[in-house]
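As they're listed, the protein sequences go chains A and B. Counting from 1403, one number per residue, gives the positions in the first sequence under this note's numbering. Counting from 365, one number per residue, gives the positions in the second sequence under this note's numbering.
Treat the hints as calculated values from the structure; they're not laboratory data. Quantities reported herein were computed from a predicted structural model and do not represent experimental measurements. Hints may be right or wrong, so weigh each one.
Some but not every residue of chain B turned toward chain A, in silico, with C-beta under 10 Å [stated by the list, open to error]:
#1 Thr380
#2 Val384
#3 Ser387
#4 Glu388
#5 Ala391
#6 Gly459
#7 Thr460
#8 Leu466
#9 Phe633
Backbone N, C-alpha and C define an ideal beta-carbon position, used for all residues, glycine too.
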Amino acid sequence: MSYARPLVEVHGLSKTFRVHKRAPGVLAALRSVFHRPTESVNAVQDLSFTIGEGERVGFLGPNGAGKTTTLKILAGLLHPTAGQITVAGFLPFRRDPAFLKQITLVMGQKQQLLWDLPPTETYAMNRALYEVPRAQADETIAELVALLEIGDLVNKPTRQLSLGERMKCELVAALLHRPRVLFLDEPTIGLDVSMQAKMRAFIRHYNERFAAAVLLTSHYMDDVTALCPRVIVIDQGRLVYDGDLKALVRRVRPDKRLTLRLSAPIDRRLLDQIAPVVSYEGGQAVLSVPPERLNATVQNALATLSVVDLAVEDPPLEEVMRELFKNAHAGTPAAAAVASTPGAGASATRPLLATDPGSGS
Amino acid sequence: MHILSDARRAVRAYPTLLRVGLSEVVAYRAEFIVWILTTNMPFVMLAIWHAVAADGPVGRFGQKDFVAYYLAGWVIRLLTSTWLVWELSMEIRDGTLSARLLRPLHPLFAFSAQHLAALPMRVLIVTPVVTALVWFAGDRLAIRDPRVLVIFLAAMVGAWLLIFFTMVLLGSLSFFLESAIGVFEVWLALFAVLSGYLVPLELLPGWVGRVARLSPFDSMLSFPLETLIGLRDLGTATRDLCTQWAYIATMAVFGLSVWRRGVRRYVAFGG
Ligand SMILES: Nc1ncnc2c1ncn2[C@@H]1O[C@H](COP(=O)(O)OP(=O)(O)OP(=O)(O)O)[C@@H](O)[C@H]1O
Ligand SMILES: [Mg+2]
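Given these sequences and hints, build the entire structure.
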């Protein structure tokens, strides 16, 4: 796939926050009246990527990596310290109304629905603010409401809705003006598994129906695996990886997961002889197998064990992330972790290894 | 500067905003009524002055003049005040302002619509007091003269605008200060004295009264109020209308520039 028109273009984006340092003690407090020492936090550093029409991109990184900061900059809520950014052809921080009509920013932790009124009132308000023709608004609402199965909820006061119900209603409000660029910051936070699945299906549907670009953050890796063929990973504000999700998994955790269901319990040492055991309980064994030895290992297992069922999968994304960021707290950017894995041809300082052909750069 | 195209969009969006705003006010009616009941200072002052004037008029004020003054003063205050400072400082602090900044309409237009939407409710609430005013002191109302009526209506719109822009200025201080509400409370105290809210300006000690008449506080309450009940003749009222609108223009420039600087700071430090 290649994308003709990038909707989001980011070059060398940096954001530095100035925070006031306040030392403890009365004297320090007094002194700070005249001179307030400041400290800079580099939330985002020299970040570059592009996103094309119709793309769904996962934006990953540990807590404090700079994801929310980046999304706010892209939506025009934060002024960048350095770098060039265009979104749908606009400079976001100018917040031109024509720009605002093309984007939406959904934050799982912040809501825009009017608290004491039913969501329909927020929809009416947004319709007026975004100047959506009534017929189009009605059509969009009907379609989204049907998809999310919230027909009877939108007339209840928002404060009476559960978190999940509210989030669904929120999404309709955020998409009423049919934005072409969606910035979703942990849209599934706090939702149960089935609600998360519904949200994912919905996001995918919207993306496909309107060829919208989606940049999504989530700490639930299932969201990312299900939705995003491409991921952008950052750590301490710096780009660690941009490209195909599968390629990232292969790079960080090249070994496959071979799951065997056995008809009878066996000694774990027997399994160890076949391949390193990840887990073994309840008659189910998970082995870690290098791809080149997969064929031989499967044959060996089938020959020596009484296997009822068998599956080969990639290691879960959570594990990939854990591996990637295990050094983060020791102060080493995760970049090093990717750079040192086999196949990462780039230098250690700019390990932007996988700029996959599919990533639309 | 999108302010002109924004104004056009605002006009188109207003009917819906007003309708939604009204539903919001209806949803909050209990809080609303409690708030009204706490603004009872004019009635207390009325009771005091009414007793004082029993032995004879105080300056130009007989008992009936005090009735007209304080009832009308309460009504005008209720129709022209806004909660903008509270709302702004809360939304700046908890970050809800971000959602407003992301909508394609200037937040101040949205705020103004929200406040105008509360007007029908406010009118409803002042109706009994207006009735009492007409009943007890109807002959004191000068607006039977259509020229006075026109000036009075312009003065009411002006008072609303002047207060709104002043609140934009004071509310925008929250972008810079933690104690913007404190500043606002000082302002309220000054307002109570210098606008004629507590005591008619001509009953204040000489120099305080003179300062008050020159200050913008006069334009916010005393001017429309005294025009309504005939304490300012047509010539004075016309002159004061010009003063009022000059203050509006000044305050609009100041308020909007502090707002703009504040937003710039807000998006630099983290929305
Ligand atoms: N307004 C602000 N002022 C100062 N520092 C800030 C501000 N906002 C964010 N930061 C800092 O910038 C860094 C990046 O924060 P950000 O919220 O973007 O992280 P994140 O990737 O979204 O994390 P999480 O996964 O926890 O949501 C953090 O160190 C944070 O403390
Ligand atoms: Mg975040």
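Consistency of the hints with the structure:
1. Thr380: holds (4 Å)
2. Val384: Val384/B check passes; min Cβ-Cβ to chain A is 5 Å, inside 10 Å.
3. Ser387: holds (6 Å)
4. Glu388: holds (6 Å)
5. Ala391: Since chain A brings a Cβ to about 4 Å from Ala391/B, closer than 10 Å, the hint holds.
6. Gly459: OK, holds: Gly459/B within 10 Å of chain A, min 7 Å.
7. Thr460: With a minimum Cβ separation of about 8 Å from chain A (threshold 10 Å), the hint on Thr460/B holds.
8. Leu466: Nearest chain A Cβ about 6 Å off; hint holds.
9. Phe633: holds (7 Å)
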